[in-house]
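Visitor: Listed here are the chains, written in short residue letters.
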Amino acid sequence: MEEVLFFASALGALGGAVGVIAMRNPFYSVLALIVHLFSLAALFLLLTSAFVAAAQVVVYAGAVMVLYVFVVAYVGEGGESAWEPIPGQRFLAPLLGIALFVELSIAVLSSSLLALGTDGPDVKAGFGDPAAIGRLLLEKFLLPFEAASILLLLAAVGAIVLAARRREEEA
Amino acid sequence: MSIEWYIVLSALLFATGAMGILIRRSPMVILLCLELMLNAGNLALVAFSRMVGNGEGQIFAVIVMVVAACEVVVGLGLIVAIFRRRLPLNVDDLRELRG
Amino acid sequence: MSATTWSWLVLLFPLLGSITIALGFKALPAKVAGVIGTVSIALAFACGIAALISLLGEDPEARHHASSLWDYASVAGLDIKLGIFVDPLSIFMVLVVTGVSTLIHLYSYGYMQSDEGYHRFFSYLNFFVFSMLLLVLAGNFVLLIVGWAFVGFASYALISFWYRRETATRAGMKAFVINVVGDIGLVLAAFLIFRELGSFDYGTVFERAPEAFTTNEWTIVAICLLLLVGAFAKSAQLPLHTWLPDAMEGPTPVSSLIHAATMVTAGVYLIARTHVLFELAPTVADIAAFTGLATLLVAATMALVMTDLKRAIAYSTMSQIGYMIMGVSIGAYSAGMFHLMTHAFFKALLFMAAGSIIAAMANEQNIDKMGGFGRAMRFTSITFVCGALALAAFPGTSGFFSKDEILAFAEARGGMYLIFTVLGYVGAFLTAIYAFRLVFRVLPGRPCPEAQELIETGHLHHPHGPPVNPATGEPEDTDVGFPGAEHHIAEGSLPMRVAMGVLAVLALVGGLVQIPGVDDVVEKWLDPVWEGSPLAAIHPSLGQDYVGLGIGGFIALAGIGFAYLLYVRRPELPRTLERRLRPLHTLFANKWYFDEAIDLLVVRPALAIGRFANRVFERVVVDGLVSGTEGTVRGASEVVRTVQSGFVRSYALLLIAGFAGLALYFLLSSS
Chain A
395 MEEVLFFASA
405 LGALGGAVGV
415 IAMRNPFYSV
425 LALIVHLFSL
435 AALFLLLTSA
445 FVAAAQVVVY
455 AGAVMVLYVF
465 VVAYVGEGGE
475 SAWEPIPGQR
485 FLAPLLGIAL
495 FVELSIAVLS
505 SSLLALGTDG
515 PDVKAGFGDP
525 AAIGRLLLEK
535 FLLPFEAASI
545 LLLLAAVGAI
555 VLAARRREEE
565 A
Chain B
1192 MSIEWYIVLS
1202 ALLFATGAMG
1212 ILIRRSPMVI
1222 LLCLELMLNA
1232 GNLALVAFSR
1242 MVGNGEGQIF
1252 AVIVMVVAAC
1262 EVVVGLGLIV
1272 AIFRRRLPLN
1282 VDDLRELRG
Chain C
10 MSATTWSWLV
20 LLFPLLGSIT
30 IALGFKALPA
40 KVAGVIGTVS
50 IALAFACGIA
60 ALISLLGEDP
70 EARHHASSLW
80 DYASVAGLDI
90 KLGIFVDPLS
100 IFMVLVVTGV
110 STLIHLYSYG
120 YMQSDEGYHR
130 FFSYLNFFVF
140 SMLLLVLAGN
150 FVLLIVGWAF
160 VGFASYALIS
170 FWYRRETATR
180 AGMKAFVINV
190 VGDIGLVLAA
200 FLIFRELGSF
210 DYGTVFERAP
220 EAFTTNEWTI
230 VAICLLLLVG
240 AFAKSAQLPL
250 HTWLPDAMEG
260 PTPVSSLIHA
270 ATMVTAGVYL
280 IARTHVLFEL
290 APTVADIAAF
300 TGLATLLVAA
310 TMALVMTDLK
320 RAIAYSTMSQ
330 IGYMIMGVSI
340 GAYSAGMFHL
350 MTHAFFKALL
360 FMAAGSIIAA
370 MANEQNIDKM
380 GGFGRAMRFT
390 SITFVCGALA
400 LAAFPGTSGF
410 FSKDEILAFA
420 EARGGMYLIF
430 TVLGYVGAFL
440 TAIYAFRLVF
450 RVLPGRPCPE
460 AQELIETGHL
470 HHPHGPPVNP
480 ATGEPEDTDV
490 GFPGAEHHIA
500 EGSLPMRVAM
510 GVLAVLALVG
520 GLVQIPGVDD
530 VVEKWLDPVW
540 EGSPLAAIHP
550 SLGQDYVGLG
560 IGGFIALAGI
570 GFAYLLYVRR
580 PELPRTLERR
590 LRPLHTLFAN
600 KWYFDEAIDL
610 LVVRPALAIG
620 RFANRVFERV
630 VVDGLVSGTE
640 GTVRGASEVV
650 RTVQSGFVRS
660 YALLLIAGFA
670 GLALYFLLSS
680 S
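Protein chains in written order, with the numbering used here: chain A, 395 to 565; chain B, 1192 to 1290; chain C, 10 to 680.
It is worth saying that the hints were derived from the structure and are not from the lab. Fair warning: this is a prediction, and the values are worked out from it, not measured in the lab. Any given hint could turn out to be false.
[What the hints assert, rightly or not] To give a feel for the contact side, a few chain B residues facing chain C, derived at Cβ under 10 Å: (1) I1212; (2) L1213; (3) R1216; (4) V1265; (5) L1269; (6) V1271; (7) A1272; (8) R1277; (9) R1286.
In this text, a Cβ means the ideal position worked out from N, Cα and C, and glycines have one as well.
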């Protein structure tokens, strides 16, 4: 059962990824990414990380993708011409992608980290629960937690500054 | 499924995202491919967290999500600003940093 | 205070004077600068006298002191100090240099009055005196070389004093280049001395030399030959003499100080100071003596036909220094130095008088255009005659006693050295002729227009129209770098008259300090310096001395009489002689073609090498290398620059490719 779910989610993730890079229309790419994100959430659940899966759906697929949708609606479609100005790019890119995948796989599969071959240790019932995450965030990882909140503030201010209408331009 | 499968899947998704960045020219889509890579990283993190047995990898993944959100916000702000200035929304045409 | 302290003060005052005038030239009025300059040299003279008195109070054997202020370099076997060596010889030179310099400064105070570069002149002159004193007082070869080089520079600065005249700057360069040739010789000699004897210090070197060298060993011969190169360049002996006549482009006080009394005698001082080394290499000493003799005769012949007043006196200087070089080379050290002293007196005087006459002629120096100044300028004429008498060695004058002493010594040494005596007397005959040729051409006779104007109006003649350099016809102005429009003659300037008067008296009676058989002040004073030298022990007998004096006096009178015949009684004779001996006359008048020979042998090859080096080596090799490197770098950077295309995606490509490469490397290295 677990294998079936895994393969289904994996296919969904891969399909979404391929859709993102292959679709001409950026709106369709956004939709493909949403599918990918949901598949990833399923994978997270398979890995008994309930909170992360929920955060993925709510934050990522919910908020971030909505942002994308808004901007795509505002900006509109961008047509991309077929001609490639950089010589060799079209040829090298798939090559490098494959090379990257192969290298990373080899690194993982021939690793001496024997635990990779297992399903992981038996975990207690509360593994991946919000309670466990919350405890960790407030005890061990308090500093990253606070730093992340500052980062969010900065990003918000930055976005406002970047997208603000300049008085002189509009006048 | 052993953890290897998740890691290999994550590697595949990462490579796909990388290839997308190299191929596509619209900044929007490039940002989306970045999201792909970040999520691949998240998957790896959560898989390792499961392998190790404590929740630290998941915390890392949550923080990564926060960073990704911030980056998306700023990136989209940039795109809006570019669009407002009526510049072509094409990274190949935005090459003033050429030497 | 000890003699060495006084000697340090001797060095200090001229240096202070030079620096003060140089730094304060905007603030100091001209007269004050002149006073500072003169007074600083006078103070140096006073300190020299004090050092003399201090030395006199000591035992003659103990009259040599070395004193040093600080160490220049005490490392790896080198031990060079800023040290002076005070002994009778250096104090003698100090007194001669400062004494004559004071008088010349006094003369310049009046003579250079209207010159725009008055301050510069006194600053340079003081610096020159400082350098000359440094040379003379130096206690080791390094400081000697320092003084030597400074003197060369001061000479260059003063020869090209009127720097807007092209002739002057060229003459300055010529003097400097030939001096540098001499400097090379001196420096190489110093290196060799250090290599062989391990020290630069005079005391150590002269102590070790007799033990370290056998007579005429090639190293000591090399050292002495190199020292000779230096001495000959500085003292304008053959073949390094061509700079001296051209050096007359400088103002007259410069000619009288540097090129008569002091700088050109540096070579004589050098040979006298290093006499220990020369006695170990008698071959080289003989070479020096013969060169001195040759210079003596050649210069005398050139002076016979020279029409430029100052240049004629310059050749006379060359000739007299030939006497001095000859003297110190054959061992007549005290006699040579005595002649140095008397020569300083009468030659400086001759130049001063010549300067006065040239001023009256509005810078015209050709004696063909002069005449009748005997009536027009009484004082100048009298002093001129005094100087000429001393030069010609008229009986009783200073030159009489000093010149004949050298020749008597040569006779006493006997053997081959009799040549020097005989030819020396021939030279004396020629000297008397040319000295009085100048006197009889310029002073008596029908007054030339300038002299006429002086007699009638008492004012100097001023040429009409824009000022022109009389020698070359080049137009000049009266700004800085050119002589002033006003000229000053002795009759019109008290300082000039005082200086010339003192020198005239000294020229006439200065020889009385060393009359053979009566007194020998100079010889007794200088004897301790030549202690241990076998040559200095030779003394001519009284009979030889008196015979020598007699012959000398007779020759002098004969020469004067001959000149009188040629230039006063039968003025057409010189022209007939010139026609009969045309080739000889051309040879003499063209200065024995030395300038042309040097031009052919040295200057042209050097220029050709320079041109070749420029065309081939510089343009092709050096420029090629440099442009080649530049081109390569530019080409390479063009290639590299294509990476900076501005395309974000190609940057991303490079990034991911780099990452893939690294991952591959790590995978491979860990397997």
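Visitor: Hints first: check each against the structure and report whether it holds.
Guide: Against the structure, the hints come out as follows:
no.	hint	verdict
1	I1212	holds, 5 Å
2	L1213	holds, 5 Å
3	R1216	holds, 7 Å
4	V1265	violated, 16 Å
5	L1269	violated, 12 Å
6	V1271	violated, 18 Å
7	A1272	violated, 16 Å
8	R1277	violated, 20 Å
9	R1286	holds, 3 Å
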